[in-house]
Structure formats: structure tokens, C-alpha cells
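Go by the hints and put chain P onto chain V.
Keeping their order, the protein sequence lines are chains V and P. FYI, our numbering numbers position 230 of the first sequence as 290, with every residue one higher than the one before it. FYI, our numbering numbers position 313 of the second sequence as 429, with every residue one higher than the one before it.
Calculated from the model, a selection of chain P residues having no Cβ within reach of chain V, i.e. all distances over 10 Å:
(1) Ile217
(2) Glu224
(3) Ala487
(4) Ala569
(5) His609
(6) Ala612
Facing chain P, according to a computed beta carbon distance under 10 Å, are these residues of chain V, among others:
(7) Phe461
(8) Glu462
(9) Trp465
(10) Asp497
Only part of the chain V face toward chain P is listed, based on derived beta-carbon distances under 10 Å:
(11) Arg388
(12) Leu439
(13) Phe443
(14) Ala446
(15) Pro449
(16) Pro450
(17) Phe451
(18) Leu458
(19) Gln466
(20) Gly468
(21) Val474
(22) Ser480
(23) Phe485
(24) Gly526
(25) Ala537
Worth flagging that the hints you see were computed from the coordinates, not collected in a lab. Idealized CB from N, CA, C, for every residue including glycine.
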Amino acid sequence: MPDTQTAWSTISAAAPEMYLVAAICAVLLIDVFAGGAKRPRLTSTITLVALAVGAWVTLDYADVSVRVLAFDGLYVADPLALVLKLSGLLFTAVALLYSRPYLERRGIAGGEYYVLALTALLGIFVLASANHLLTLYLGVELLALSLYAMVAFDRDSGVAAEAAMKYFVLGSIASGMLLYGISVIYGLTGTLAIDVLAQQLAADPSLGLIVGTAFVIVAIGFKFGAVPFHMWVPDVYHGAPTAVTLFVSTAPKFAYFALAYRFLSQGLDGISPVWTQMVAVIAVLSLFVGNVFAIAQSNLKRMLAYSAIANVGFILLGFATGTAAGYRAALYYTIVYVLMTLGSFGVILLAGRRGHEADELEDYKGLHSRDPMLALMMLMLMFSTAGVPPFVGFWAKLAIFEALWQVGATWLIVIGALASVVGAFYYIRIVKLMYFDDAPAQPRGEAGFALRLVLGLNALAALGLGLMPASLMEVCARALAG
Amino acid sequence: MQGFGILSVLVWLPIVGGIAVLALGDRRVAAARWVALLAALATVVLAIPLLTGFDRGTAEFQFVERLPWIPAFNSWYHLGVDGISLPLILLTAIMTVPVIIAGWSVIETRPTQYYAAFLIMAGLMIGVFAAIDGLLFYFFWEAMLIPMFLIIGVWGGPRRVYATIKFFLYTFLGSVLMLVALIYLYVQGGDYSLRALHELPLTLVEQRWIFLAFLAAFAVKVPMWPVHTWLPDAHVEAPTGGSVILAAIMLKMGGYGFLRFSLPITPDASRELDWLMIGLSLIAIVYISFVALVQTDMKKLIAYSSIAHMGFVTLGSFIAWDIAASTGTLHGAAMGLDGAMVQMISHGLVSGAMFLCVGVMYDRVHSRDIAAYGGVINTMPKFAGFAVLFAFANAGVPGTSGFVGEFLVIIASFKANFWYAFLAATILILGAAYTLWLVKRVIFGPVANDNVARMPDLNGRELLVLGSLAIGVLLLGLWPALLLEIMNSSIHHLVAQMTTSKLPI
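If we strip away everything but chain V, and leave its shape as in the complex, we get:
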């Protein structure tokens, strides 16, 4: 029997997860017992404080320079996990900040919302640190179940219920696929540990292994929302309350990155020629379908949903290289994309007001004359997402192209480049609506000063990281150095 000192040192790397579980319990209890009209406000404030403390705990315990294994190798703490967890904490906190007034406006500001967001975050943490296929599965399910409930959070809304139902059914199938793929791989290799799996795989895979990998790819494609497993994305993005869409479209992307990286790049590294081809195909399909369908949308949330599909195509292009440079570019792209998406949905939340959701493209006509600051933020975010310098979205695309050139994937680059031109059209159309069109006078959004400040910082981050891209690239490089 190891003494307690040793026992703690082997699991201390998992302190962020343990802390988060405790925080979830605390928030839940406070929400139940602290009564009164101010309850939702209190819960949200406590949640934000809990996230801030979580960042401190994560930095204190999970900041490891070498890989630390815990729980018999089920769990790993490495620089990648640290970056993903800190990003998850930061972006979850901002997302919750943006959504507070919205939830209050719609009268759905229950404390459960925050608890669900925290459990989703826990799922992200578990995925980020998974070193075993079952841990991966655990994280996927924890995250997915929280998200299903969040989508259905406005229980009186028919569209939201429909979206949640679709998400749940399709998501369950994807989970089944993942589990089936895992079982096939287990049957053929006799192991579920990612490290062991990586050592055992030969360059010449059996047919069974290829089939198993295909199932895993399907599941990853579904989670990311890549074509042809993207059917749920527009409906969920559109149907869910905007605050939930904001959450669903941002922080979980880190978890899916972890899922793809841990499973494919680490576990199945030995047979990377098999899965890079599959990933390349779904990446190209996503770029094509996402960009073309986005043009036809008249609802901004739906447009951003198709834009998400297209951007996932770029992330997957990074994986399709099968090289360290490609994973680095994919991680960079993921962080940058989440930053920009957070801002874009933040604008939708802030542009709305009581009884009016500003989610139709029409609502943005003449936004510039109503609310110049908000229009400027949206302009920066849209040009950034389109990949125009000096904004950070440009560097994300550049990093992907560079990784693709290193493996000589000429056609993927040409397709990616053309896709970004098609994509530019619908992003600049938003700018056109805001700046070039006139609209009858309407009241502005009701957002307070503090929120506008946060959104301003969010947009300025897209500019600042675009002017000085080196630091974030460095972070991504260090995260994947090990």
C-alpha cells in the first residue's frame, strides 16, 4: 500500500478535474439553497469565480513540463492538456458572461444552466487528459449529455426541443459508432491504452483495423460537425437559444480537437496513411458544403453553423497532413476559430433586446448607424473569419496551408484556398449589410457597458493576435512539442 503522500503525488495532476467536480457540487447546492429573486445572478457570479479559481488550480497543478500519468495510465497531464483546459476555462467564462443578460431576457436564467456548463467543461477536461480509449469515451459522453440538456434548456420552445431531440438521437448514434470502433480496435490489438496502442500498431494494418478506424472517424466527424455527418449542426445552432449556441459552438471544439488528437494522432499514429485519407475526404466535403450552403442562408445563426462546418474542414485539413506541423496548425486554428466564433455570437447576443432576437441577416441592415461600436466589432470578426489580414484568422489559414505544403498536398491547398475565397463572400456580405445598407430606425441592443467592453476586447484580440501572431503560435508549438 502506498502511503498517502505518494498517492496524492500520483493523482495531483488531476487536481483540476477534482476541483471542478467539487465546484459543480458547490454551485448546485448554492443554487438550491440560496433563495430569492437574485438567485440566478448569484449562481452566475459564483460560477465565474469558480472558473477563475479553476484557472489558478489548473496552472498550479497541471502545469507540467513532462508527461505525467495517473490512475494507472488512464489519465495524462501534458502541455497539450494544459493549453486545452486553460482555453476551455477562459472561453467558457466569456461565453457565460455573454449569455447572462440574454438568459435573463428570455426568462430562462436558471442555475442549472451554469451547472450544465460546468459539467460540459468537466467533459472537456476529461477528454483533454484522456490517455485511454474508455476515458475518451467517458469524456465524450459527459460533454454530450450536458450539451443535449443545454440545447433543450428553454423547455417551452418547440424549435429548441426539436433541435435537442435531433442532437440527442444523432449524437447517440455517433457515440455508438465510437464505441463500436473502439471495440473492434480492442478486439484486434487487445488494448485500450493509447500509449500501448501506439506501440502495437504496425504500418500494415489489417482490414478489421481499417474498418474500426472508419467507425472512429465517423464519430469524430459527427462530433466536429463535418460533412457528411453535419446534418445536426444547422438545426442545433439555429434551434437552440443563442446563448446555448454560443456555448455549443465554442469550448467543446477543444474537446473534439483532443478527441481527434489523442485517438488518431497519438493512438493510431502507426496507421496514419489510413486515416489521413479519410480525414482529407471529409475535410474537403466540409469546406465545399459548408461554404456553399452558408451563402444561401438568411439567418445569421444558420449561416454561422455552415461557417462552422467549413472551418471544421480547415481544422481537419490540419489533421489530414498527419504531421506535427499539421496538428500544431489545427490546434492554432481551433483556438483562433473559437475566439472569433465567440465574438460573432456575442454580437448576436448583444444586438438583441427583450422580445427580439437579432438573428436574421435583415436585423443587421444599417447596424452601423444604430450602433457603430458593435458594427465595428462585427466587421473585425467577419474579416478575421474570412481570413483577411491584419486579423488573426489569416494566420490560422496560413498555418494550415504551410503544413499542407510540407507534405506536398497541392490539391488540398488549392481547394482550401478557393474555399476561403467562397467563404469570404458571405462574411463580407454581413459587412455590406451593416455598413452599406440603410434600415428603418430601430432601438439598439440592451447590452450594458461591461459586456460591450468584453466584446470589444474579444474583437481587439482578433486584431492584436493578428498583428503579433508569434505568441499564440509559440503556445501551440509548446503544447504539442512533447
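Relative to the frame of chain V, chain P by itself:
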């Protein structure tokens, strides 16, 4: 030599000025105007040390600044000028001032944003010419699209939205292909610095593809026939200032790109495909001149005339090998390049001035139709004097800057092939035809209608702007050596670069 210096000031001062103007807001528009003018003038004044301190005897980059920017891509914040970029930087700094003044009291919607957009444009354009790191160049090159997109879209004419989206997507498509080529070069050589790219050996197949990718970006910007169709739309719909900047500076970026990237990085492919470039240039000169002849819209006419004149730039840039083939020496090659450069600077001044002239008339009558005018000389004699001068310069009359560039390019192409020179020289006839016919219909004759009869002559502001451009046009026309001396070393260096094969042995 390595830290921040004068070039950084020239890039960032207008941008900071633009942000300051933006911050002042439309409620303090009078103050904003003066801040904008001050920033533009300060940029011109600060560009003077660049000219006086420039060493004409070397082709090396001068005033170099090199600071780490993105270590992951080995890309540096690397600025410098040589004889090719210096005149273009000066042109950019100078042309921003009339643009600000021209919009002084004319722009009524969101005036501060108008000034801010132009100042930010100016900084980014100087950045394009000053960057000697491929990635930094691309960064400025693309960033420029955003203010121009807004300038045309917000302050343009009735079909502005169509024009600006067409402009954006056309140039974006071309640029993305250039980016792909740049990244390829980086992956091959591990360095984005321009000098390293110039020295990187490449096979003919690689060069061919890279040349075509660069061509996609630069040909759209120049614009060359047949990818010129965005330009008449953009010009016609842009506000006066936008047209001036488009014609005077943005078109030059295409020409600059050929001289800075295509020729030195892919010399063998340029040599192999020079027939394509010469052919497209001649089509632009002859065919587009005929197109210009039939225009009924003044701005459209000048836009087509720009395309024809830019044909001289591409012709002069790619004529060198044919000269070598027919005369056996490279003696005339530099002349073609000299002509291309002079043509760029001259066209910058002349076309800018012509658009300003149209702006002057438009502000009074609110029509761009040639048919809406006639006999302007009777009511605006001072204006008519300037308009005729710039028209002569556009037609390439000796004594004006327009003559020098065209003459050099025609002489150079004469050395290469009689028929090239013959076709190029048709512009002397066609250019004179469409420009002078325009002048005849608009300026001379009896007063056409009441609108024209009510036109007041130039005010002091307009007089100042047109007067200073007129001085520039005459100065370059009478004393072209001023410009040629600055470029001399760099042009010879470029000739050496483009005639040295980069094929691996």
C-alpha cells in the same frame, strides 16, 4: 540599421492618424479634417529624408529595419527601400494629400471615417512598397482590401455594392493564389526574406506554376486584359478620392509585384512566358483604347485609359528577352524597365489628376456623363487650363510626364520587334483620340446647358491640389532624369537578376 526607423514611421503614422481621426468622431468633424490633413502632410514631410538620404549608387535595400515578427515561420518585420520602391512610396505619400483635400467639404456622410479609411490605406500601401519580407508584404497587400472595400461601398455611386464586392472577390482570389505560391517558396527555402527568395533555385516546372500564381494576383491588380473588368465598375462607383487612390497607387502594386516578385523569383518562367505577357499587354493597349473611345461616362473612359496605359508597364517589364534575342545584347532591357517605372509614376500623377478633374465637375453638376457637359471653358477657364494640361499628359504629349514613359517603352519594344512597337505606338493616336475628343466634348464648344452655365470656377482648395499635381507632371516631363537617377542602380540589378537563370544545374 536594425531597429525602428523612418520607414516604420511612414507606415504607422498615417494609420495612427487614421485611428485618431476615427476616435474624434463625426461630431468634431472640423478638427478631424485638420488632423487628417496634418497626418497626410507629415507623412510627405517625413518622406523627404528618405529621398535626400538615399544612396543612388547601390541596388541594396536601404533604411533597413529588421525585427523578429513570427519566429515559427522565420518571418521578420523587415522593411527597406531601393530605387524601385522609393518613387512609389513617395507617390503614395504625395497622392494622399490631394485625396484628403478633395474630400474636404464634399463628403457629407460619415466624413471622419472617410478620412480615416484613406489614411489607413496610405499606411498600408506604403507598407506594401516598403516590406522586403514576403509574408509582411502579403500582410499589407491583403489588409489594404478592407479600407478600399469600405471606401467604395460606403461613399460610392448607385451600384457601389455590386462594384465593391466584385472588386473584393476578384482581388482576393488572385491574392490567395499568390499566398499559396509564397508559402511554397518558404517551404522550399525556409525563408520569407525577399533576397533569399530572389536567390532560391527553382526548376522550370516550379517556376512556371509560381509565375502563374503570382500572375493571378498581379494581373488582377494591374489590371491586365482579360481580368480587368472589375476596374471600370470600381472606378465608376468609387468616390473621387477612391478613384484617385485606385488609379494612382493600387494599380501600381501589380506592376510593382511583377518587378519585385515575378521577374527576380521566376526569371526562367518569365522568359518562357514573356510572349503571353507581351501579347496581353498589346491587347490591353490596342483593344482597350478602342473601348475607351466609345465610353459615354467620363470616369469609365479614364478607367479604360488606365488599363491601356498600364499595358505599357507590363510591356516594358517583359520586353527584355525579346530585345536580347533580336539585338544580341541586353543594352535596351533596362530601357524597357525604366519606361515601365516612369510610366507607373507618371500615370499615378496623371490619372489621379484626371479623376480629380472629373470630381471637380461632378461636385458641381452631379453627373459623370460626357453628354451632360460642354463648353466648360466658358464658365471655368482656370479649370479648363488644368484639364487640358492633364489631358495632354494622358495623351503622351512631349513635355509632360506621360510622354517619357511611353516613349521609353516604345523605343525598347522597337529594339525587340517592329510590330510590337507599331502596335504599342497606336496609343499615341488612340490615346490622343479618346482624350482629346473627351476634352473637346466637355471643355470646348458653346455652353451646353444651364447646369454648366452655373458652374463656378475652381476655389482655392481645388486650385492648390490641381496646381501641385500639374507641377509634378511638368517636372517629370521636362526633367525625367530626376526619377531615372534614383532607379538606375536598382533597374540594372533587376536586369541582372532576371537574366540569370535560376535553374538548378
